[in-house]
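Engineer: Chains as they are written, first to last, in our numbering: chain A, 1 to 288; chain B, 1 to 153; chain C, 1 to 670; chain D, 1 to 192.
Because the hints were derived from the structure by calculation, they are not lab data. Don't take each hint at face value.
[What the hints assert, rightly or not] Below are the DSBU-like pairs computed for lysine-lysine, each with C-alpha atoms no more than 35 Å apart in a straight line:
| hint | chain 1 | residue 1 | chain 2 | residue 2 |
| --- | --- | --- | --- | --- |
| 1 | D | K181 | A | K102 |
| 2 | C | K321 | B | K125 |
| 3 | C | K171 | C | K60 |
| 4 | D | K89 | C | K404 |
[Stated by the list, open to error] From chain A, some residues computed to sit far from chain C (all C-beta separations above 12 Å):
| hint | residue |
| --- | --- |
| 5 | S3 |
| 6 | E68 |
| 7 | R95 |
| 8 | E101 |
| 9 | G108 |
| 10 | G134 |
| 11 | F136 |
| 12 | E161 |
| 13 | N167 |
| 14 | R176 |
| 15 | P184 |
| 16 | G213 |
| 17 | Q221 |
| 18 | A240 |
| 19 | G245 |
Ideal placement from N, C-alpha and C gives every residue a C-beta, glycine not left out.
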Amino acid sequence: MKSIGYYPGCALACSGIELDLSIRELSRLAEVELCEVADWNCCGASSAHSTGHDLAVALPYRVLALAEAQGLTEVLAPCASCFSRLKGTLVRLRRNPEMLEKMAGLTGRPCRNSVAVVNVLEYLNRLLKDGLAGKFTAPLKGVKVAAYYGCLLSRGEDIVEGDDAENPTGMEAAIRAAGCEVVPWNFATECCGGAFSLAKPEAVVELSAAILGDAEQAGAQMIVTGCPMCHSNLDMRQRAMSAAGRRTGSMPILYLSELLGLAAGIAPKAIGLDRHFTDAMSVAGRSA
Amino acid sequence: MEKTETITENARTGFEPHIIAFVCNWCTYAGADLAGTSRLQYAPNVRIIKLPCTGRIDPLLVLKAFQGGADAVLVSGCHPGDCHYTSGNYHARRRWSVFGKLLAFAGIDGRRLYFSWVSAAEGQKFADLINSITKEVHAAGPFDRINPARRRA
Amino acid sequence: MARVGVFICHCGENIARTVDVAAAAAAAAKFPGVVYSVDYKYMCSDPGQQLIRKAIADHKLTGAVVAACSPRMHENTFRRAAAAAGMNPYLLEMANVREHCAWVHSDRAAATAKAIDLIRVMVEKVKRNRSLKTITVPVEPTAVVIGGGIAGIQAALDIAAGGKQVVLIEKSPSLGGHMARLSETFPTLDCSQCILTPRMVEAANHPNITLMTSSEVESVGGFVGNFEVTVRRKARYVDPAKCTGCGECWSKCPSKNIPSEFDAGLSRRTAIYRASPQAVPNQPVIDAQHCLMLTKGRCGVCAKVCPRGAINFKDADELVKVKAGAIVLATGFELWDHSAYGEYGAGRIADVIDGFAFERLASASGPTAGEIRRPSDGAEPKTVVFVQCCGSRDEKVGVKYCSKICCMYTAKHAMLYAHKVHGGRAVVFYMDIRSAGKGYDEFVRRAIEKDGAEYIRGRVSKIYRRADGKITVRGTDTLAGMPVTVEADMVVLADAVTPRADAQKLARMLGVAYDADGFFSEAHPKLRPVETAVAGVYLAGACQAPKDIPESVSQASAAAAKVLGLFSKPKLEREPIVSHVNRITCAHCRACINACPYKAIEDFNILDRSGKVLRTVSNVNEGLCQGCGTCVSVCRSKSIDLDGFTDEQVYLQIAALEPVEAGAKTEGSS
Amino acid sequence: MLGENAVNVAQTPTLARSILEATGVDVARCYQCGKCTAGCPMARFMDLMPHQIMRLVQIGNAAAEEKLLACAALWSCAGCLTCTQRCPKDLDPAAVMDVLRQISYDRSKTSPEQKKVLAFHRAFLKTVESDGRMSEFSLVRRYKMASRDFMSDVALAPAMFARGKLKFAAHKSPGRKEVGKIFAACRKRGGA
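Looking at chain A on its own, in the form it has when it is part of the complex (with noise of 0.2 Å):
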C-alpha cells in the first residue's frame, strides 16, 4: 500500500472540512494511506506573512521539521494557502542555507529541508494516473465545468509548478475523467478577494461576484476548485452577492476532490457534499 504524508492545516477542520472528508474517501479508494504530520502547527497564512518576516518563515518550518522526524519524504497539503505557505518555505530555505541554521535555532528543531510538498492538484492528477479512474463509476455525463485555479495554485515562480501561469489546464484532465466538459472561460486565475474574507468582506464580494459571473456568461453549471479561500469565498458568499446585487440565482461550487469523489460513486454526505452554502447536492444528483 503507498503511503503519503498529509498536512490538514486548520481550515480542513472546519471552513475547509469537504475538502478533507472527500481527500481521505478518495485516498482509501485509491489505496493510498494518508500519514498526518503529527502535532502539526498552522503555518500562519498570510497574517504572519503580512506582519513578520522570521515567523512566516518559522512556523511552515517547524511543520517541514516534524515531518522530516517522522520519516516522511512527501506531504500533501490540500489548502492552497498552507501549500504555498510550506512550499515558498522550502523553497526559500533551499536557496538561503544560513536562514536554515537561524531557524533551526528559533524553533529549537533542526531539518534538512528534505520534505517534498505536494499540493492537492499533483496529488488527485497522480491518483489518477495510477488508475483511479477505473474505479469511476459514476461519471457526471455533460456537467459543464469552469475549472477555477485563483492564485494560490497558478501563480508563483517555483512554488507551482510545470503549469502555464496565464492559462493553467492542471485540473482539465481530472475533470474529463470526471465525465465532465470543460468550459473555456476568462477568470480561471482571477482573485476571489483570498484571506479577506472577514476583514474586507464587500471586496470579496464583488471579486467573487464578477468570478461567478464569467463562468456563468461561459455557460458552466458548476466551478471546481482546489483551494478553500476560494471556495468558501465563492460558496459562503453567494446570498451576499445578491443582497448587495452584484448578482442573482446560485451556482454549486465543488472541490475537485468533491467532482471525483462523486464520480467514484462515493456517498455525496461522505464527502461533504450537504455541508455546502449552494445547492451541491443537485450536482450529485446528475451522476448515474
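Knowing the structure of chain A, use the given hints to seat chains B, C and D on it.
Structural biologist: For chains B, C and D alone, coordinates are given in the frame of chain A:
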C-alpha cells in the same frame, strides 16, 4: 579534490597564470574587439598574438609558447565553415588531431591547450572563454614541466 | 640595427583611465631596438599624426608601433601618416591597448602590465617587418543586394543609376516587402502602394538590375571586390518566360483555403498564386506544400488551363553563382509573436490582431476593400483598442529595446480608424510617445486633438474575449492613478519589431557581427553607420535596427553611395601580405600546393642556360595569394614564409612574452 | 542574509534599501508602466495604486515614506501575485508590498482605517500563538472583540455551525507551548 588543494596553495603564492592566445585576425580578434567595445570585463592574464588564420598556427608555435613559460595556450579562430580563407581552419583542425600525441611526448598535459571558435559576433563568448580558462589554470597551478628553472612560489 | 619608435595614445580618458600610459612609455623606451617612446592625448588627431611624422624623420625610425585602439579603427590612418613621412607604411604596426586591454580590465596595475606586454610583442614584430608594396586587385563592379523591400529596392535603384550592375535577391515571390502591405504612410497619409509600386516596377525593368525573386543566399565566399555569392533559386513551377500572368491558373486552382501571408491571414489564397495584384514580377508561383499535384500527384488543373503551357511540375531548385564586388544587406524585420503573452489571449482571440492585419483591413486593396471589419464576424468595430509596446521594452517575455515605429503607426491607425468609422471610439494605451521626426509629433497631436483618439498612459495587463463577443481590455491610467477597463470590439497589438529569424545565419556566412537582439552591427555606431566590419558589406533598413520608411530609404541611399565609391576605382589596393618560397631549400613535396585554399601555389621550373629543367620548386602567385599562411604551417622543410607573420617574427613575439622570472633573456639582451 | 529582518529601526535604512535587502528587488528599475495597477484585483479598493507605491519608494524622501507607510493600499493587497507574474521589468511588486506592510506594522505607522485588517491578523496570530492552530470560532471571537465589528457576517455564523464549518471547541495542537515559544523568539528578534 587535489584541484581544490592547489587552488588554496595558489591563493597563498599569488600565482597569476600566464596564458598565450593565438587568434585569427578575422573572427576571434574581431570578437575580442567586440568584447572591448561592449566593455565586457575579463581576466587580464591572456596575451593575444594575432595571426591571419588558424591555418597559420603551426604546432611548433604552441610548443614554443609552453617552453617560453606559458601556463596554458589558447588557439581560437573562425567557426567551421566561416573561415575568412574558406578552408584554413579545416587544415588547422586536421593538424591538431595528431598534435595531441606530440604534446604528450613533450610531457605537456593536453588540458593546458585550449581550442575554441569565437566569431566576430561573439564578444561575450570571448570574455567568458578567457575567464573560464584563467579560472581553470588557476586551479591547475603553474606549468613548469619544460622549464624547471621557473618554479614560482 | 632596428630603430623603433613607440607612440602611446591616451584616447582621451579611454586608455589613460585604466592604463598608466606614462609608465608604459617609460617601459617601452627600455625595449631593445626602441630609440623613441612617447605618450599623447589623441594620437589620431592632426597634431598626434604630426608628432609621429616628425619622430620618424628626426629619429630616422626604421619601424613604429602605435599603441592605441584596434587596428580595425585607425591602422590606415597611422600607416598613411608613416608614408607621408617617407616610411614604408608596412613598417608601422598597432598594439591594441584599448579594445583588448583598457576597456576590458579595471585593475590599473594589471592592465598597465598587459599593455606593456602587448607593445613589446608588436615591437618584436615590427623589427622584422619588410617594406612592402601594396598589391592591387580588380574589382567586380556588380553589387548583390539581399532583400527586396523598400530598402533593398532603393539601394538597387541608386546603384543602378550610378551605372553599375546590381543583382537584387528576394526570398519571397514578389518585391515590395512589408511596405507593399501598408495602407497609408505617416506622417503624410499618402498611399503606400501608390509610392512604392512604381519603384518596384522600375527595379524590375531597370537594365542594370537583375531581379532574383523566390531566391535565397546559400553561401558567400571571397572578399571585398571579389565576392562569390551562391544563390538558391527556388522552384516556382511556372516558367517566367512563358507566363503572361493572365490568371487562368489561380482562378481555377481547387485548393483555395490557404491563409494569405500578404493579407496577414485575413484572406485565403490558392496553391498557385500571386502575393498580391500588384506583385512584381506579376507572375504566379506554386506553393509546393499545398499543391495537390505536388503533394498527392493528382490535379494538374493549372497545367490544363494554362494557354501558354507555362506550368512545369518538374521544376527544381537551382544554384546560381554570382560574382560581386560588394554586398548590401537589406533583409528587414518581422513582428514579434504576441502569442507569448498568455494574458493577452496567447494569440487565440480572432479579434486581437497585429499591426499588419490592421494595415490590410485599412488598405483599399485589402480583403475588406478598406472597410474596417473585425475578423471574427465581419462586423464594424465601434470601439477599437490599440496597445503600444506589445513585447517591446519587456525584458521578461519580449525584447528589451524600443521598437521605435509603433508610436507613429499606432497614431496613424487611430487616425485611419476615425476617418473610416464615424463615431467610432479609438483608445490607445501607451507608455511613452516617441514621435521625434519631421512632422511626427504634430501628427500624433492631430490624432488626439482632431481625430479624438483617447490616449491613456499605461500598460495593459489583461485582454480577454467574453462569451458575448466583447473584448475586455484591462489597463491603467497612470497619470490619473486609476485602473481602466475598456469594452472593445477589436484590439490591435503593436508587436515589437525583431530581426528576421534567419538573419543570423546570413550574418555568419558573411562574418558580419550582430548584436544581442540579432540586429546586424554597423562598423561604427556614429561614423560608419551603413558599413559593417567586413569590407565591402553594407547595411540598409530595419535589419540593422527598427526603422521607419524614410530612415530605411536614406540608409539605403547611403549604402548605395558607399558601393559606388568602392566601384569608382577599377582596382582595389590590397594588403601585400603574401607567402614566399625559398627556392634553395624547397624540396617540392607539394604539401603547400595541396593545402592552399586559393590554388595560389604552382610548380616552377628552375632552368639552366640551355633551358633544361634543373629542379622544380613551388612558387606563389601573388595575385591569388590571400595570405592565410596555411602553406607555412604545412611546409616540412620550412621553405615557405608569410610576410609580416614569418616564423622568426612569431617566435620572437612569443619570446617577448616570457614571464620576467624566466625571461631573463628579454631584459638581458637590452 | 541581512534582509531576513526586513527593517532594523536602529539605523533606519531607506525603504528602497530595506526592500532590496529583504527581497532582492531593485525598485529603481521600475519604469512606471502601470501594468501592476492594470492587473490588480484590489486596485479599486486602494488609496494608492501599486505603481504609485513603487514610485513613492523611488522618491524615498520623508514625505514619501510617511505617505507610504500610512497608506491603506498596503493592507488591501491580497498577495495574488498578478503584478509580479506580469511585470515586464521582472520586478516583484507583491514582495515590495509585503516588506512595506511589515515596516508599517513594526514602526506602528498603520493607518487607523486599516485597524480592521490588522485586527484580523492580530486575532489570527493570537489564536495560533495560544492554540498552535487556528480555529475559525476563536478567530472570529477575537477578531470581533478587536475590530468592534460585531454585526457583519452574524447571519453566516449559525449556518456555519449547522454545517460543521464552525466549532465552539478551539482546535488545539499538543505542542502549542512550543509554538508559543517560537512566537516569543521571533518577537525578540523584532521579526514579528
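Engineer: The structure should be examined with respect to each hint, and the outcome stated for every one.
Structural biologist: So, going through the hints one by one against the coordinates:
1. D:K181 - A:K102: OK: D:K181 and A:K102 at ~15 Å, within 35 Å.
2. C:K321 - B:K125: Answer holds: C:K321 to B:K125 is near 33 Å, not above 35 Å.
3. C:K171 - C:K60: violated (58 Å)
4. D:K89 - C:K404: holds (19 Å)
5. S3: holds (37 Å)
6. E68: holds (35 Å)
7. R95: holds (20 Å)
8. E101: holds (33 Å)
9. G108: holds (41 Å)
10. G134: holds (34 Å)
11. F136: Non-interface label on A:F136 holds, nearest chain C Cβ at 30 Å vs cutoff 12 Å.
12. E161: holds (16 Å)
13. N167: violated (5 Å)
14. R176: holds (20 Å)
15. P184: violated (9 Å)
16. G213: It is violated; A:G213 is separated from chain C by about 10 Å at its closest Cβ, not greater than 12 Å.
17. Q221: About 14 Å separates A:Q221 from the closest Cβ of chain C, which puts it past 12 Å; holds.
18. A240: holds (23 Å)
19. G245: Since the minimum Cβ distance to chain C is about 19 Å, A:G245 lies beyond 12 Å and the statement holds.
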